[in-house]
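Chain F is already provided as a structure; the job is to place chain V on it using the hints.
Residue numbers (the working numbering), protein chains in the order written: chain F, 40 to 668; chain V, 77 to 553.
Don't take each hint at face value.
Said to hold, decoys possible - Restraint ranges, calculated between C-beta atoms of paired labels, are given here:
| no. | chain 1 | residue 1 | chain 2 | residue 2 | range |
| --- | --- | --- | --- | --- | --- |
| 1 | F | ALA211 | V | PRO442 | 32 to 38 Å |
| 2 | F | LYS649 | V | ALA106 | 55 to 61 Å |
| 3 | V | PRO442 | F | PHE624 | 33 to 39 Å |
| 4 | F | ALA629 | V | ALA127 | 43 to 49 Å |
| 5 | V | SER84 | F | PHE236 | 45 to 51 Å |
| 6 | F | PHE236 | V | LEU498 | 37 to 43 Å |
| 7 | F | MET40 | V | ALA106 | 43 to 49 Å |
| 8 | F | LEU655 | V | ASP274 | 51 to 57 Å |
| 9 | V | LEU498 | F | TYR637 | 16 to 22 Å |
What the hints assert, rightly or not - Among the chain V residues that face chain F by a calculated CB cut under 10 Å, a handful are:
| no. | residue |
| --- | --- |
| 10 | CYS116 |
| 11 | LEU241 |
| 12 | ILE280 |
| 13 | GLY291 |
| 14 | PHE292 |
| 15 | ASP305 |
| 16 | PHE484 |
| 17 | ILE488 |
| 18 | TYR495 |
| 19 | ASP544 |
Simulated from the structure, these hints should not be mistaken for laboratory data.
All C-beta atoms, glycine included, are put in the ideal place defined by N, C-alpha and C.
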Amino acid sequence: MEYTILILLLPLLSFILIGLLDSKLKPAAAGLFGTVVTGIVALLSYWTAFSYFGAGRNADGIYPTQIPWNAEWLPFGGNLQIDLGILLDPISVMMLVVISTVSFMVHIYSFGYMKGERGFQRYYAFLSLFTMSMLGLVVATNIFQMYIFWELVGVSSYLLIGFYYTRKEAVAASKKAFIVTRFADLGFLVGILIYGFYTGSFSFTPDASVIGTAKVVLPLALGLMFIGGAGKSAMFPLHIWLPDAMEGPTPVSALIHAATMVVAGVYLVARMFPLFIGYAPEVLHVTAYVGAFTALYAAVVACVQSDIKRVLAFSTISQIGFMIVALGVCTSADPHAGGLGYMASMFHLFTHAMFKALLFLGAGCIIHAVHSNEMSAMGGLRKYMPVTHVTFLVACLAIAGIWPLSGFFSKDEILAACFAFSPVMGWVMTFIAGLTAFYMFRLYYSIFWGKENRELHDAHTPHEAPATMTVPLVILAAVTLCAGWIPFGEFVSSDGTAYHIHIDWTVAAISLCVAAAGIAIATWMYMREDRKVADGLASRFSGLHKAAYHRFYIDEVYQFITHRIIFACISTPVAWFDRHVVDGFMNMLATVSNKLSYAIRYMQSGNVQKYGIWFLGGALGITIILLLI
Amino acid sequence: MDYSSIFSYMYTEIALVGVAIAVLLYDLLAGERGRKFFHCFTCILMLLFIAGTVVPYHQGTGEVFGGMYVYSPVAGIVKSILAIGTLIVFLQADSWLRREDTTFKRGEFYVLTLSTLLGMDFMISSGHFMMFFIGLELASVPMACLVAFDKYRHNSAEAGAKYILSALFASGLMLYGISFLYGTTGTLYFEDMAPALDGNALQILAMAFFFTGLGFKISLVPFHLWTADTYEGAPTTVTSYLSVVSKAAAAFALMVVLVKVFAQMVEYWQLMLYIVIVLSITVANLFAIRQKNLKRFLAFSSISQAGYIMLAVISGTPYGMTSLIFYVLVYMVANLAAFGVISAVEQNSDGKVCMDDYNGLYRTNPKLTVIMTLALFSLAGIPPFAGFFSKFFIFAAAFEQGFHVLVFIALINTVISLYYYLLVVKAMFITPNDSPVANFRSDNSTRLSLILCLAGIIVLGLASCIFDGINLYSFGM
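Pulled out of the complex, with its shape left as it was, chain F reads as follows (with noise of 0.2 Å):
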């Protein structure tokens, strides 16, 4: 399978040529070659994932990894050693699968939406450079190779947030989602180096006898590790950049800040689970803790936001945050006995993926047609915008949970797993399934039910995207209809083997009741173009509304932080240090040289005789120095 390098060499090879030829370019042949590249990945994304699972399973009952190309990178002595090459198993397949779809289901998106945008070629060697990074990333043999293709993800994420550098409140953003993550990523990069350390090799599954001594320092690295994951998976407190990363193009967020970047954390628990399970369950479980909790907070938070891309950041932190807690609650490595939650976050990441991105591009040809994020642009949309209209009714249905949607059936198993760990987060999680549905109802009857703003729509009637653009959704649309039907237990499960997925009926009631409630109350209190029920309840829990309205003012207490403490405590006088004693000591040797090559420029006197005299003076003394001492 050594063709699998084309995946990442194709579009390296696009950004590069893209980027090098730029505006000599015409940006239709640029986004054609994008695009044209990035479906030849897909199609050998698809070949990767027929082959490697049409191979079929070894001796032992799993799908053996491989690894069909290898090269030693940077060696350090000993077994430490940094390779870059490419490992296919399981969750990299399903993974190659999922980004490729997307992020080709984008680039043709993006023909449409960035149409006559000034940058567009610039556009399309950074979705080349992103699809790159993060396909590396998840083929990653070792987890310094994850690290780095980790940190380009950054980087490309950094640019296309920024894209309209012109814009204030994008630079902002872009620098604010760079700063965070690249913080978070401290963590990560000291726990890779403790691991590196302790277990001399940088390999994801070492030998249990080099674990042996470094079993003490596993959780702590681990923990590290999951900081950085934390990150860039928005996890509370580090959430902060994703709502604000929306200021980036549409299609990037449905590309990056959707389906395939924040869900790098996850992958990268996933990825280490055999460690996490084996060597530091209670790290583990922290980590669940984390992710209910960051689930809850920003499930509450979408239910009061304004602006529709906002709401689909939110509900996708709280979504990762399901993902984080199904990992989270495994207690073991068999999934018939508490290693369920792998195969069910795995899972979700996949369904998940496909229809955030149904959302987001759905989101984005509403945007298109109003040129507002503010729902109260919006407003009985359905007539003027069918298509858009009924895919993301089916997105909106399957993120609720509703039968038989995909999200239903990861959602279920999800919910499964986490009854087993405790029934206390059991009914925690189905409570925020149900609010899920409620705010993604919210969201769907203010867009195209509810009043419509006349004013607006008088003066640009909207109209249904174009076709690049509509096309993409009903692929997802069909894909998120019937994925749910895939026995995604046969492919990935925690510890290789085949599972069955049975659909627990208890808990699927449960929270298909819940979910169900969830829609009826948002029917109720926002389908009619009156709202007094919302406003009322809004109006009685002001200082509620507004605090949830506000993220709860965790943005504010960051500023805090950074600017009274951080910045006026210890910047401050680091930078009088840098300023008076690191650049002083410079001035100093600057000046000290220049006067002591004025005082010695009679030495080069072109006097032949006189370098004589030098030679033969150095040559003695150096001989009188080496005998007196």
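Then chain V, alone, in the frame of chain F:
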């Protein structure tokens, strides 16, 4: 005597002699039409020579002529590096050699250069001081002819005179030193001499005098004074050859002799090098700050670079040997790139070599400017160019052996060097100029050499296999 071992171990030198004779014969026998391809012929011959000798044929060491000549794979690597440098110099020489006043003696240039290369190869591989000295002289004497190649130009003749006088002086001191060594130990074989040395006063004097001879070649302070005048006066191509190939060979030979022969006197020569390194780096930097002529400027830059190279020598470890060779290789491509640009500008602008002439070069010749900038960045050691990695390795080599203060001094000096390297960059990019050097197209041969150098500057640092490849052989030292 078994003659097959001569061919088996001395293949580089024998092949090189073959190349030189072929070039000589071509020069004599080729007609008008054939002479047009002289340059091409020489370069292809060199290329074949490099291709044939680049990978060492033997893994172990071997002796010829009863130990006068010692083969080692690591020396083979250095010889190939020198040969590559020579080829690049040949490529850059073409436009200069086609000038009316030099075109009739092109053959001489090639043969003289190849002779010096042969001398260096013998010097590197010698196992006996006589052989070493003959190699050194074979490298020095034709070099003086090369420096004075434009003999009707006053500068060039003066440079030649200064070079030969200094070289004589250095050789004299060195020979004097060697005679003391012979007197105190009764042998001139490296292997026999090493255990016989005990570090008495006469031997210390001998070592210092011996060091003078090589210090002259490497142009270390205080044996460096000829450098600036000679570099300035010599034809630019010769200067670049002098600054790179000749220096690299001498540095390597010095390390071999110090480590192999003077092993018993290690604390003495480490102190000696310590002093010389501090002096070389600092004094050269101080002079470089004030230079206006780019050739003089690069002369002082090359003196300070020689000081850095000595950091690898002072470590005396196999790792130090690897970093020395790697440093030399990286320094070679960067310096040849810089000199290549200077030479191209000089040939196309009636001999402009001053820094002020380079003001605003970016607007007229952007490609050359970028190459020059990258070369200077690499010389200054800015990541991610190769120069950063090579500096890192030599610092690491010296640091490992406990020379912490020395490394710190060297680090401070890199800051100063950054200043003057950036002065040139500033002149080319920022300083406005009403009449910059007009746009020109350099000849293909120069272009090829610059592309080779550029590739080296970028790739050498990133491709770890090169450093590892050298390291593989250094352990056999």
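Unsatisfied constraints (hint numbers, rising): Hints 2, 7, 8, 10 and 16 not satisfied by this model.
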